[in-house]
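Read off the chains here:
Number of protein chains: 2
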Amino acid sequence: MKFSSKIKQCNLSPIRKFYPYTVEAKKKGKKIYQLNIGQPDIKTPEAFFEAVKNFNAPVLAYAPSPGIPEMVQAIQKYYKGIGIDYAESDIVVTTGGSEALQIVLNCILDNGDEIIIPEPFYPNYNTFVKTTGATIRPLTTSVEEGYRYAVREKIEACINENTRAIMFTNPGNPTGVVLTQEEMRLIADIAKEHDLFVIGDEVYREFVYGGEKLASMGHFEDIQDNVIIIDSVSKRFSACGARIGTVITRNKELQQHIMKFCQARLSVPTLDQVASAALYSVPANYFDEVREEYKKRRDTIYAKLSQIDGVVCKEPQGAFYVMAKLPVEDAEDFLVWLLTEFDDNGETVMFAPGGGFYATPDCGKNEVRLAYVLNQKDLERAMDLLAIGIKKYNETH
Amino acid sequence: MKFSSKIKQCNLSPIRKFYPYTVEAKKKGKKIYQLNIGQPDIKTPEAFFEAVKNFNAPVLAYAPSPGIPEMVQAIQKYYKGIGIDYAESDIVVTTGGSEALQIVLNCILDNGDEIIIPEPFYPNYNTFVKTTGATIRPLTTSVEEGYRYAVREKIEACINENTRAIMFTNPGNPTGVVLTQEEMRLIADIAKEHDLFVIGDEVYREFVYGGEKLASMGHFEDIQDNVIIIDSVSKRFSACGARIGTVITRNKELQQHIMKFCQARLSVPTLDQVASAALYSVPANYFDEVREEYKKRRDTIYAKLSQIDGVVCKEPQGAFYVMAKLPVEDAEDFLVWLLTEFDDNGETVMFAPGGGFYATPDCGKNEVRLAYVLNQKDLERAMDLLAIGIKKYNETH
Numbered sequence: 030m031k032f033s034s035k036i037k038q039c040n041l042s043p044i045r046k047f048y049p050y051t052v053e054a055k056k057k058g059k060k061i062y063q064l065n066i067g068q069p070d071i072k073t074p075e076a077f078f079e080a081v082k083n084f085n086a087p088v089l090a091y092a093p094s095p096g097i098p099e100m101v102q103a104i105q106k107y108y109k110g111i112g113i114d115y116a117e118s119d120i121v122v123t124t125g126g127s128e129a130l131q132i133v134l135n136c137i138l139d140n141g142d143e144i145i146i147p148e149p150f151y152p153n154y155n156t157f158v159k160t161t162g163a164t165i166r167p168l169t170t171s172v173e174e175g176y177r178y179a180v181r182e183k184i185e186a187c188i189n190e191n192t193r194a195i196m197f198t199n200p201g202n203p204t205g206v207v208l209t210q211e212e213m214r215l216i217a218d219i220a221k222e223h224d225l226f227v228i229g230d231e232v233y234r235e236f237v238y239g240g241e242k243l244a245s246m247g248h249f250e251d252i253q254d255n256v257i258i259i260d261s262v263s264k265r266f267s268a269c270g271a272r273i274g275t276v277i278t279r280n281k282e283l284q285q286h287i288m289k290f291c292q293a294r295l296s297v298p299t300l301d302q303v304a305s306a307a308l309y310s311v312p313a314n315y316f317d318e319v320r321e322e323y324k325k326r327r328d329t330i331y332a333k334l335s336q337i338d339g340v341v342c343k344e345p346q347g348a349f350y351v352m353a354k355l356p357v358e359d360a361e362d363f364l365v366w367l368l369t370e371f372d373d374n375g376e377t378v379m380f381a382p383g384g385g386f387y388a389t390p391d392c393g394k395n396e397v398r399l400a401y402v403l404n405q406k407d408l409e410r411a412m413d414l415l416a417i418g419i420k421k422y423n424e425t426h
Numbered sequence: 030m031k032f033s034s035k036i037k038q039c040n041l042s043p044i045r046k047f048y049p050y051t052v053e054a055k056k057k058g059k060k061i062y063q064l065n066i067g068q069p070d071i072k073t074p075e076a077f078f079e080a081v082k083n084f085n086a087p088v089l090a091y092a093p094s095p096g097i098p099e100m101v102q103a104i105q106k107y108y109k110g111i112g113i114d115y116a117e118s119d120i121v122v123t124t125g126g127s128e129a130l131q132i133v134l135n136c137i138l139d140n141g142d143e144i145i146i147p148e149p150f151y152p153n154y155n156t157f158v159k160t161t162g163a164t165i166r167p168l169t170t171s172v173e174e175g176y177r178y179a180v181r182e183k184i185e186a187c188i189n190e191n192t193r194a195i196m197f198t199n200p201g202n203p204t205g206v207v208l209t210q211e212e213m214r215l216i217a218d219i220a221k222e223h224d225l226f227v228i229g230d231e232v233y234r235e236f237v238y239g240g241e242k243l244a245s246m247g248h249f250e251d252i253q254d255n256v257i258i259i260d261s262v263s264k265r266f267s268a269c270g271a272r273i274g275t276v277i278t279r280n281k282e283l284q285q286h287i288m289k290f291c292q293a294r295l296s297v298p299t300l301d302q303v304a305s306a307a308l309y310s311v312p313a314n315y316f317d318e319v320r321e322e323y324k325k326r327r328d329t330i331y332a333k334l335s336q337i338d339g340v341v342c343k344e345p346q347g348a349f350y351v352m353a354k355l356p357v358e359d360a361e362d363f364l365v366w367l368l369t370e371f372d373d374n375g376e377t378v379m380f381a382p383g384g385g386f387y388a389t390p391d392c393g394k395n396e397v398r399l400a401y402v403l404n405q406k407d408l409e410r411a412m413d414l415l416a417i418g419i420k421k422y423n424e425t426h
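Read top to bottom, the protein sequences are chains R and C.
Our numbering puts the last residue of the first sequence at 426; the count rises by one with no breaks.
Our numbering puts the last residue of the second sequence at 426; the count rises by one with no breaks.
Copies of the same chain are indistinguishable here, so a pair counts whether it falls within one copy or spans any two.
Calculated cross-link-like contacts (lysine to any residue; reagent style SDA-like; alpha-carbon spacing at most 20 Å):
{"no.": "1", "residue 1": "K324", "residue 2": "R410"}
{"no.": "2", "residue 1": "K31", "residue 2": "Q253"}
{"no.": "3", "residue 1": "K31", "residue 2": "E282"}
{"no.": "4", "residue 1": "K31", "residue 2": "D254"}
{"no.": "5", "residue 1": "K46", "residue 2": "E282"}
{"no.": "6", "residue 1": "K37", "residue 2": "M288"}
{"no.": "7", "residue 1": "K37", "residue 2": "Q284"}
{"no.": "8", "residue 1": "K72", "residue 2": "V303"}
{"no.": "9", "residue 1": "K421", "residue 2": "D359"}
{"no.": "10", "residue 1": "K281", "residue 2": "N40"}
{"no.": "11", "residue 1": "K72", "residue 2": "A90"}
{"no.": "12", "residue 1": "K46", "residue 2": "I97"}
{"no.": "13", "residue 1": "K59", "residue 2": "E376"}
{"no.": "14", "residue 1": "K72", "residue 2": "P87"}
{"no.": "15", "residue 1": "K37", "residue 2": "D139"}
{"no.": "16", "residue 1": "K31", "residue 2": "H223"}
{"no.": "17", "residue 1": "K421", "residue 2": "G339"}
Please keep in mind that the hints were generated in silico from the structure rather than gathered at the bench.
Excised from the complex, chain R in its bound form (with noise of 0.2 Å):
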C-alpha cells in the first residue's frame, strides 16, 4: 500500500515528539522542568467548569456546524470590545485555533501555490500547509534582529506569481515579537498591492507586556476581504483542552467554502461551546492579573537566561515563549541528553529544538524555544538547570 507524498513530508511535530522520552525519563524518577509545550499552570476560570456542571440537556447532540449561537455571540461581543464589529455570520467555531487553521488553508491553498509565513514560526504550520498541496514561503529572521519581520522588502522578495497569504501569529510564537501599529499597516498594505490573504494568528492577543491595546489585523477596515482572524480561548483562558478555536472574516466567498469544511466534519464539541462561551464573562482584571504573572515570569526568564555564558537572545514583548541560541551545536542532540543522560539532584529541564520552527533546512539547529509557563520560582530553577546542563554537555561532547 502507498502513502500519500504531502504525508510524507510532514514531520512529528518538534514540540511533542520527545514526549516519549519524558514518560522513560518520569519512569526513573527524574522531575522534569517542562518549558516545551504552551500549556498553562493557570488556573481555567471557574465560570467554565459551572458552565458543564449547569448543562442539563438530555441529549448531548450535535450543534450546529458553524458553531452555537451562545459561542458566535460570545466572540462577537469580545471583539466589540476591542472595537471592531463583525457580523454573526462572519464567525465560525471551530474544534481549537488548529482546526481554523487547517480549514482556512484548504480553502485557499492549492497545489503548487506558495503562503509567506516569518520564520521561526509556529511548527504545525508545517503540516497544514504541506497537506494541501502548497509550500510554505520562509521569511527568515534571527536572533540578532530580534526575529523581527515586518519589513516592506524582505516581504515583498518573497512575493510571485503562487503567493496567496502571508501568515503570522501575533504576538508571536515562538518568538515572542509583538508587531507595532504602523508594521500591522505595512502588512495591510503589502496585502492589499498584492491581492493576497492575511491571516493573522492572534491566539495570544492579551499576552502584551508592553501596555499596548489589543491588537488585530481585524483594525484595518480598507483590507477586510483579505483578513482571515484564528482565536482561540486555549490561551487567553487557559483551557488549551477545551479545543475551542474560531476563524474570522468579513470575505463572503470563503465564508461559503469554510462552511463546508464545517458541515463536512458535522460540528464542534457542544458542551466545550457551552462552557467557553461562559469564560467571555470573567471580569476584564482576569486579563491584568494574568498578564502580570506573565510579565513577571518573562523578566525573570529573560534575565537568567541572559546570564548563561554564550547564550544569544532578545527580550520577547509578548506571548509566552522566547527563542534563543545556546552555545551548543545541536539543541536536538543536546535535549535528548538532558532528558536521558543528565540530572542533577534528579532534576532537569525541557525545551523545544528550534529547527523545527524552521522551513529553511539546517536553520536554528542551535536554538531553543522555552515557553514560560511555570512559576517564578521553578522558572528560577529550570533556568539554573539549563545553565549546568550546557556546561556539562559542552564538557563532555
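Model the placement of chain C on the given structure of chain R, informed by the hints.
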C-alpha cells in the same frame, strides 16, 4: 484572491444545507418532523454527565495527542469484548469519526489517486476525499437490488493502478445495508489480492436488527495491515455532540503518519474524552434496549413508507436510515416545497435529498434518505405527512 481548486469542487452537505429553510419555517410557527439528520433522540447515558460533573482538575489542559489513556483503554476493552485484540498503540482518539476519516484519507490519498466507495454513500466522504486531491470511484448500486455492493465483479471493475482503498459504512448509511460475513470476507480477499487499504466505517455497529453478532473488518487477521477501522461514540451512545471518535489500525507505517496529523492538531477535547470513556461502562443491556427501540422504528417507518403509492424501498437491516425512491422528479425541489409552501395542520416533514449521496451525476435525484430517529408516533405522523405532501406536490407540479 484565489481559492483552492479542490474546495471549489466540494459542496455543502445535502443533510445540513437546508438548515436555513428550517429556521425560516420554524419562525413561521411550522412544526417540522426532521428525518434529515442522524441525530438520535435517545437519552445520552447518565455516566457521561456524571463523569463531566466529577471532573475537578484546576487547569483544563491539552490531552496527549493520541488520546487520554482512559479513553484508549476503554476502546481497547470494547474491542476485546467483540473478539479483537488491539494494542493501545493501534488506537488513536479523534475529534469524532469525521476527523478520523479526514486524517486517514490525508495519509493514504494523493493527487490523482482513487478510492472505491459504493454509492449512495455518506455525503461527507466527498469533501474528505476531494480535499486530498483524489477522486471517488463510485460503485453504483440501486434501490431495486437493495443497494448491495459486495460483488466481486462489480468491485474489481472499479480497480485500476490508481486505486488505493475501498471504503464503506457498515451497517450502511444511507442504505441500511448490513454486510454478511461472506461479503466481508470477499472484500477482505479483494483488498489482499490488489494490495488495497480497507476502510471500515463501523460507527453503527450495534444497530443491526437480524440477530447478527457484532461484526468488524478487524476480525480478519490475515489482512490486518490493510484494515483501518473508523468508530465513534456518537451513535453508539447517542452522544453526537461529544465529537469523540477513533481510528484503529495495526499498520505501523500508517500509524506513524496518523501521528503527524494528531500532533499538528494537538489534542482532542479533554473533558469529552474523560466522559466518553465512562460511556463504555454502561451495562450490555443498554444496547439491547436501544436496538429494540430502533428495530420498532425501522418496522414502523418501513411499513408506512411501503404503503405510499409509487414509493420504492427495501427493508433496511441496520443503522437508522432508509433510502427510498419517491414518485417525484426532483427530491430537492420537493423538499424545498415541503419546507416553504406545504403544511398539514401547521406541520411538515423533512428528509435528506438523495442526489448528494451519489458521486455519479444525476444519480439519486428522485431518492431520499430518511433517518428514523424519532419516536413511533412521530414517525407515523411524519410518514403520513410525506404521503400527503407527495400527493399535493404532484397535483401542483
